[in-house]
Each structure stands twice: as C-alpha cells, then as structure tokens.
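Fit chain B to the known structure of chain A by using the hints.
2 protein chains.
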Amino acid sequence: MNSKEIRESIHSGKWEGMTVGRAGRYVQTGLVILPKSSAYDFLVFCQRNPKPCPLLEITDPGCSILSKLAPGADIRYEIGSYAIWRKGELVEEVPDIEQYWKEDSVGFMLGSSLTFSQALKEAGCESSTGITLYNTNIACAPSGPFSGHMVVTMQTLPPEKVARAVQVTGRFQATHGAPIHIGDPAAIGITDLSKTTGNTSAPSIPQGHVPLFWACSVTPQIIAQETKIDFMITHSSGHGFVTDLMDYDIAEP
Amino acid sequence: MNSKEIRESIHSGKWEGMTVGRAGRYVQTGLVILPKSSAYDFLVFCQRNPKPCPLLEITDPGCSILSKLAPGADIRYEIGSYAIWRKGELVEEVPDIEQYWKEDSVGFMLGSSLTFSQALKEAGCESSTGITLYNTNIACAPSGPFSGHMVVTMQTLPPEKVARAVQVTGRFQATHGAPIHIGDPAAIGITDLSKTTGNTSAPSIPQGHVPLFWACSVTPQIIAQETKIDFMITHSSGHGFVTDLMDYDIAEP
Numbered sequence: 521m522n523s524k525e526i527r528e529s530i531h532s533g534k535w536e537g538m539t540v541g542r543a544g545r546y547v548q549t550g551l552v553i554l555p556k557s558s559a560y561d562f563l564v565f566c567q568r569n570p571k572p573c574p575l576l577e578i579t580d581p582g583c584s585i586l587s588k589l590a591p592g593a594d595i596r597y598e599i600g601s602y603a604i605w606r607k608g609e610l611v612e613e614v615p616d617i618e619q620y621w622k623e624d625s626v627g628f629m630l631g632s633s634l635t636f637s638q639a640l641k642e643a644g645c646e647s648s649t650g651i652t653l654y655n656t657n658i659a660c661a662p663s664g665p666f667s668g669h670m671v672v673t674m675q676t677l678p679p680e681k682v683a684r685a686v687q688v689t690g691r692f693q694a695t696h697g698a699p700i701h702i703g704d705p706a707a708i709g710i711t712d713l714s715k716t717t718g719n720t721s722a723p724s725i726p727q728g729h730v731p732l733f734w735a736c737s738v739t740p741q742i743i744a745q746e747t748k749i750d751f752m753i754t755h756s757s758g759h760g761f762v763t764d765l766m767d768y769d770i771a772e773p
Numbered sequence: 521m522n523s524k525e526i527r528e529s530i531h532s533g534k535w536e537g538m539t540v541g542r543a544g545r546y547v548q549t550g551l552v553i554l555p556k557s558s559a560y561d562f563l564v565f566c567q568r569n570p571k572p573c574p575l576l577e578i579t580d581p582g583c584s585i586l587s588k589l590a591p592g593a594d595i596r597y598e599i600g601s602y603a604i605w606r607k608g609e610l611v612e613e614v615p616d617i618e619q620y621w622k623e624d625s626v627g628f629m630l631g632s633s634l635t636f637s638q639a640l641k642e643a644g645c646e647s648s649t650g651i652t653l654y655n656t657n658i659a660c661a662p663s664g665p666f667s668g669h670m671v672v673t674m675q676t677l678p679p680e681k682v683a684r685a686v687q688v689t690g691r692f693q694a695t696h697g698a699p700i701h702i703g704d705p706a707a708i709g710i711t712d713l714s715k716t717t718g719n720t721s722a723p724s725i726p727q728g729h730v731p732l733f734w735a736c737s738v739t740p741q742i743i744a745q746e747t748k749i750d751f752m753i754t755h756s757s758g759h760g761f762v763t764d765l766m767d768y769d770i771a772e773p
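Chains as they are written, first to last, in the numbering used here: chain A, 521 to 773; chain B, 521 to 773.
Everything labelled a hint here was simulated from the structure, so no lab data went into it.
Don't take every hint at face value.
One copy or any two copies: either way a pair holds, since identical chains are not told apart in the list.
To be verified - Once the Cα atoms are required to be at most 25 Å apart in a straight line, the calculated DSS-like pairs of lysine-lysine come out as: (1) 571 x 588; (2) 556 x 622; (3) 641 x 571; (4) 524 x 588; (5) 641 x 524; (6) 748 x 715; (7) 715 x 607.
Isolated chain A, as found in the complex (with noise of 0.2 Å):
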C-alpha cells in the first residue's frame, strides 16, 4: 500500500494495529497538539531539543489539513490511535479526535524512529530484540512549563553492526537521527531494562550484543506527565503519521 491508501485504511478503520515497520520507507511521525495558547512554549521547546522533537511541520491554528508532509491530510482522522492527556493523566485512546479538535488547536508533527527500521534492515541492521522504550535522566532544556526528561528508543546489534547502523540513522536528523547513546543504559538512567515504557516488552538481549539509544518523539507525553500540562493530544506510541515522503527525500547525503 502506498502512504495514501494506509491513511485511507486508518482513516475508515479498517486497519489493525500499529504502523511500526509496516509504512515501508516512508517518513512517518508523531503527533502533539496543544491549544495556541501553550504552543509557543512548545514550539520552543521542539527548538531546543530537536533530537527528541525534530518539527517537520506546524498547523495554523484551528487547521487540522497539513501542506507540506502530507497535503490535504486530515490529522484528526489518519492515525490509528491517539492518546488524550488532561492534568499529566492519560484518561482515553480514541481513534479519531474531532471531538477534541478545536478552533485553537494547534498540531506538531515531529520526525518519528519508526521512520528508519526499514532502512535499517535494508542495510542488515534488524535489532535482535525489537524496539524498546525506556525513560532516561537525560535533561532536555526546558521551555516555559515544558520541562522533563528525554525518552529514548532501544534496539541491540551485534558488534559489527553498531557503526553501520550509526551511520545509516545519522543521514536522518529528521527523525532522530545518531544514536544519542550507544553502550551501558546505566549511563543514561536505564538501570533495570524490564522497566520499559510506551507499552513495550522487556527484552532479552543476546550475549554480547550492543544496546543503542535514540532520542524519540514520546518524550512529550512524558514532559505532560511530569509537568501535568492541563490539555494534551499525542498519538499512541507505535502509531504513527504515515506521510507521503520517503526517508530518502530527507536524508543528508
């Protein structure tokens, strides 16, 4: 399926679970929307931590139809699920949002590492545990009441694969880009890999494979849990905006 027809799947319900590793190469995203009133401070904080919050594209207020990664796109309707958060709860995961959306609503669409697992097989790099999702003690700067720590996204590889898989994330600052981390989890907070986060299970990594980290697009919805923001609309983890570009159209050389 092309990216057109799985939003029109998501879209008239009649696709199933999440779009991790099954949107091909194209650039898929998450999603956080706020009222105009807090997307400022947002805006600013995607500026200052683009490793975690790399914004591909902000809506005018009150418009919920993209124009650059996906034009004519309805945000409201073309992901699979999204995530509600008031006061730092998540209190629901709907499949659309048009009773939430409102005049001043406005939509971010950050660069999501569900973008490169396909380019990482293609180049035989398929992490021998999956994906996890750990929270970490990395600091991101903060902005207004936006204020937290970072959460990372794992995958494990052999040895020999770690510096070809840096170098293939690396053209992708788009969506995360390097490794933020690669090696001891400890290093960076992670001291039990069973605590994992975003609905992800506990791996078990072969002996002698190498843990790497990258920056992911969830850490908003840990930022709205640690600061309790009043109204917050994300994409539940593993769901993601599948637009019509291909990695390749935002790859450095």
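Just chain B now, kept in the frame of chain A:
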C-alpha cells in the same frame, strides 16, 4: 583573536567594520529581535523556512543573555551594528541596542552563511567576486504577518570548483547548507546582477565562472520591509554575531 576576544572588542567599540571573513571557523549568526506578541508567528516562519532562517537559539522573553551559542554573551552589545526597523523602514543603525531592549523582547539567532566562507576558502573554493546579496522571486512559506521573498548570497566559482563547494557547504545545514540554486540568475528572479541589496557591490563575473546562490539570513529584513512589520531589530548585513562554536561542531558528517 578567539570568539570571546572578538565579542569583547565589538562590545568595547574597538572593533572596526564587518565580521565577514574575520572570525575564522567560528559559527556566525544573524539576529532578529521581536516583541513577544510577534514571536510565535516568526518562530513558525523559521520552522517553515529553515533554509533562509536556520534557528540556532531563541532567548526567553526579556533575557538578552545566551546560554547555548556563547554562554553569558549579551546580544544587546556584542554585534558590531544593529538595524532598527519601524513599519518596514530602516530608521537607524546603531552600535548597541540597550535603549531598544524591552521586557518582552525575544532574540532569534539565525545561522549565517558568513560561517562557511572560511571552509570554502580552505577547500580552494574562494568566490571570484566576493559575496553579493540579491532579492529573488522565491516565495517563503508564510506565517501570520510574515511573508515575502528569499534573499540570497551569491558567490562565483570556476566550473571545476562547483561540486566541491556544494559538498563543503552541504555539511552546514545550520548555516543555510547547500546552495538553493546554481547557474542562471534569471531563473530565481535576478534579472540584473548590478542590482544588489544589503550594501554589497555589483560584481564583475569572470568569463565562464558559475554563480552559486545560498539562502541568506538577511531574508527577515526584506520580509520586514515587504510586510511593514511594526517593530523589528536585526543585525546589519555583514555584521555577524560570533559564537563560541566552531563550524565543524555543527556540521553533518
């Protein structure tokens, strides 16, 4: 002189003239200062137009001290010349902006192509005609009141140097990256090479040399003129802010 010494020399009034070509491989930036009420729209403008407006740091409202590009530097004093714009008119050029800085002032530091002149020189790609600024017919993506056309810098090279110049500057996305156009100036609306902007002199291009055009952070000044923005402070063209970062610190691999 290192970056701190250059800024001190500027602050104390000892520095004479522009910074173009005089700060080695330090990253230089342009500056835009706006009241908080216009800052959101301009921030979105930067997000939508990263080639002319690569935003490297944004200050909190009322805070003139940088934390990332040159920790502790005060943007009110450490650029050689500032331009004051009212309703699109350049009303004054001043050596500091103490009197214009307000509690709601927000500073935007935009990567400048002054940065890569040294890298080009070291790669044997020194422009045969210096650096010239032009208005173009390339429309920027609008945001609120900010809309208008891109300003470009032109450098000219013998044909055998063109590819190398693309490679060298392509690594520096934070300071405009690769050229946005190579060849016929008329294709981007420059029909008369003698009509320069930004106080640059009309060039005389050697027979057979090729013009290369890069997006330029003087663009917001033209936007201010075209849309008669109420109040804006910018750097004067050729007068960059010299950061503590080296160009290779921000370069892609």
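Hint check:
In this assembly of identical chains, the alpha carbons of residue 571 and residue 588 lie at most 25 Å apart whether taken from the same copy (21 Å) or from different copies (15 Å). Proximity of residue 556 and residue 622 under a CA criterion of 25 Å is satisfied in both settings, with 10 Å inside one chain copy and 24 Å between copies. For the identical chains of this complex, residue 641 and residue 571 are intra-copy neighbours only, at 22 Å inside a copy versus 31 Å across copies, given an alpha-carbon limit of 25 Å. Within a single copy, residue 524 and residue 588 get their C-alpha atoms as close as 14 Å, which meets the 25 Å cut-off; across copies the closest is 41 Å, which misses it.
Proximity of residue 641 and residue 524 under a CA criterion of 25 Å is satisfied intra-copy only: 23 Å inside one chain copy versus 46 Å between copies. Within a single copy, residue 748 and residue 715 get their C-alpha atoms as close as 22 Å, which meets the 25 Å cut-off; across copies the closest is 55 Å, which misses it. In this assembly of identical chains, residue 715 and residue 607 lie within 25 Å of each other by CA distance solely inside one copy; the values are 24 Å within and 56 Å between copies.
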